[in-house]
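Q: Sequence:
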Amino acid sequence: MAISQIISLFLLHLLLPLASISLSQSSHQLICEVGTGNGGLVGGISPLPASLSKLLIKGGTVVNAHRQERADVYVEDGIIVAVKPNIKVGDEVTVLDATGRYVMPGGIDPHTHLDAEFMGTVAVDDFFSGQAAALAGGTTMHIDFVHPVNGSLMSGFEAYEKKASKSCMDYGFHMVIRHWDESVSKEMEIMVKEKGINSFKFFMAYKGTFMVDDEVLLRGMKRCKSLGALAMVHAENGDAVFEGQKRMIELGITGPEGHALSRPPMLEAEATTRAIRLARFVNTPLYVVHVMSIDAMEEIAKARKTGQKVIGEPVVSGLVLDDSKLWDPDFITAAKYVMSPPIRESGHNKALQAALSTGVLQLVGTDHCTFNSSQKAFGIDDFRKIPNGVNGIEERMHLVWDTMVESGQISVTDYVRITSTECARIFNIYPRKGAILVGSDADIIIFNPNSSFEINPRSHHSRTNTNVYEGRKGKGKVEVTISRGRIVWKDDELKVAPGSGKYIPMPPFGFLFDGIEKTDAKLISSFKAPVLRFKSDV
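All letters in the sequence shown, in the order written, are residues -26 to -1, 1 to 512 by mature numbering (1 follows the signal peptide of the UniProt record, and there is no 0).
In short, the hints are calculated from the structure, not lab data.
Hints are supplied without guarantee of correctness; some may be wrong.
Below, computed lysine-lysine pairings styled on BS3-like, alpha-carbon distance capped at 30 Å [claimed, not checked]:
1. Lys167 with Lys476
2. Lys181 with Lys58
3. Lys160 with Lys476
4. Lys464 with Lys476
5. Lys160 with Lys181
6. Lys160 with Lys136
7. Lys324 with Lys276
8. Lys496 with Lys476
9. Lys220 with Lys196
10. Lys169 with Lys220
11. Lys492 with Lys449
Across the chosen pairs, the derived CB separations fall in these ranges [what the hints assert, rightly or not]:
12. Lys496 with Asp304: 54 to 64 Å
13. Leu497 with Gln383: 10 to 20 Å
14. Pro481 with Arg358: 12 to 22 Å
Note that this is a predicted model, so its numbers are computed, not measured.
Note that the Cβ used here is the ideal one computed from N, Cα and C, for glycine as well.
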């Protein structure tokens, strides 16, 4: 390792605590309400307004996934109560002028890992800092992944309840399944019927830690089907990845580029195909998280063409980046791009964009799981020890707009669908979330398509000191974010309160389960079995 790299890492270790002390050190202002009874004053920065009970958004173009219209939006007590032109209100109502702007549902990120314990360390963004960053970027809800504690789903859920106690926006939970026995089966039922979880994730990678075998995957899929819960997979062949990693080390390839080389697209495609076929065998819907390659995307396309219910989720890093930075000679630069499945070589991103625009892939997540440079440096001599994960929870809405809408690949209504509505539909919380309709929660953004953005780790709201999108510029900017009727982002100022977020239970048997019983019956009737046979004396 070069002397300059050693010095850089030493300085990072010294400076990291200072960089992580407070979000308020960002060039954007963060005001944190703690409910001290003194008007919300914190350190004399400024008082926060009381929670808004009445709000009118006037003069904008309201965009839902199914249509757009010129209309005003009137909100009372965190709920949308009217969407129509020329709403008249009294002086007690706060009015926001949205002339020349789009008024859209706040984004919903289906895939995050806040305060996650992973690879011997903990992600730097917790449920406050990560959600604050999300709100600054126009995302008003996310769904995080709960891991079991000592094999117990219930203990895992309780641990994540504590982690989320500092939340400043709404959130839901998926649950990870890491082994199988009767207690897991019983606890899955409790999670669905009592705790509001309607999705379970199975890792086909990370051998020796998270990875499950096909038997666990099959049993889990069957249980998901019976409970009306969605089976999710991280699709990479973990056994082959393990061999690929050993091969790289034997070849002396120990840097971040070895990460990508050890888990090529074919291994993502193999696991995707296997999961699809097992889901078809069970006849249950399947959700494939972070689709990163053409190879995996094509397997999803083939399955959907036959009518199988398979959801494909690309993440923003896979849509807008390529793997070239993994070969950067500076370890710190290269390591920040390490995630799994890996960011692929140029060409995969464009193909994923096309698949998203044509409906082969359905919604965009982030897999936001952030680690500082000092944490990434754990793998300075062995890429297998680099904590996997990149940022994206704050950048997603802007990057998807610039990449997909500004390029003409999708419409404004499609943008709402892939960043908000489809997630709400898949996880059965629509139209409470993901819509600007009467009765929906007032999670709203005001978006200026003629403004611009630039991404910089010195001005973002995440606690990480790196940003894989650093330097990117584009058109379109979230000017106002409203979370359950409260203005939390306006004029580049973030006003958030720890503990103000709410857990959103997600009921089972969403639309993906429609018709499952009929296809089961059709399959059984096609067996022409059992065959009645006469017994004869021999």
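Q: Between Lys169 and Lys220, is the straight-line Cα distance small enough, at 30 Å or below?
A: 41 Å, violated
Q: Check whether the Cα positions of Lys181 and Lys58 lie no farther apart than 30 Å.
A: Between Lys181 and Lys58 the Cα gap is close to 54 Å, so the pair fails against 30 Å, i.e. violated.
Q: Are the Cα atoms of Lys492 and Lys449 separated by 30 Å or less?
A: The hint is violated at about 47 Å.
Q: Compare the distance between the alpha carbons of Lys324 and Lys276 with 30 Å, and conclude whether the hinted pair is satisfied.
A: 19 Å, holds
Q: Regarding Lys496 and Asp304, is the given constraint of 54 to 64 Å on their beta-carbon distance met?
A: 58 Å, holds
Q: Can the restraint linking Lys496 and Lys476 be considered satisfied, given a maximum Cα separation of 30 Å?
A: Roughly 42 Å between the alpha carbons, so the hint for Lys496 and Lys476 is violated.
Q: Does the alpha-carbon distance linking Lys167 and Lys476 stay inside the 30 Å limit?
A: 19 Å, holds
Q: Tell me if the beta carbons of Leu497 and Gln383 are separated by a distance inside 10 to 20 Å.
A: Since Leu497 and Gln383 have Cβ atoms about 38 Å apart, the given range 10 to 20 Å is violated.
Q: Would the hint linking Lys464 and Lys476 be met if the CA-CA limit is 30 Å?
A: This hinted pair holds, its Cα atoms lying about 21 Å apart.
Q: Would you check the hint for Lys160 and Lys136, treating anything up to 30 Å between C-alpha atoms as holding?
A: Given that 30 Å is the threshold and the Cα spacing comes to 23 Å, the pair holds.
Q: Is it true that the CA of Lys220 sits at most 30 Å from the CA of Lys196?
A: Judged against 30 Å, a Cα distance of about 34 Å means the pair is violated.
Q: Quickly compare the C-alpha distance for Lys160 and Lys181 to 30 Å and report which way the hint goes.
A: 25 Å, holds
In this structure, the earlier hints numbered 2, 8, 9, 10, 11, 13 and 14 are contradicted, and the remaining ones agree with it.
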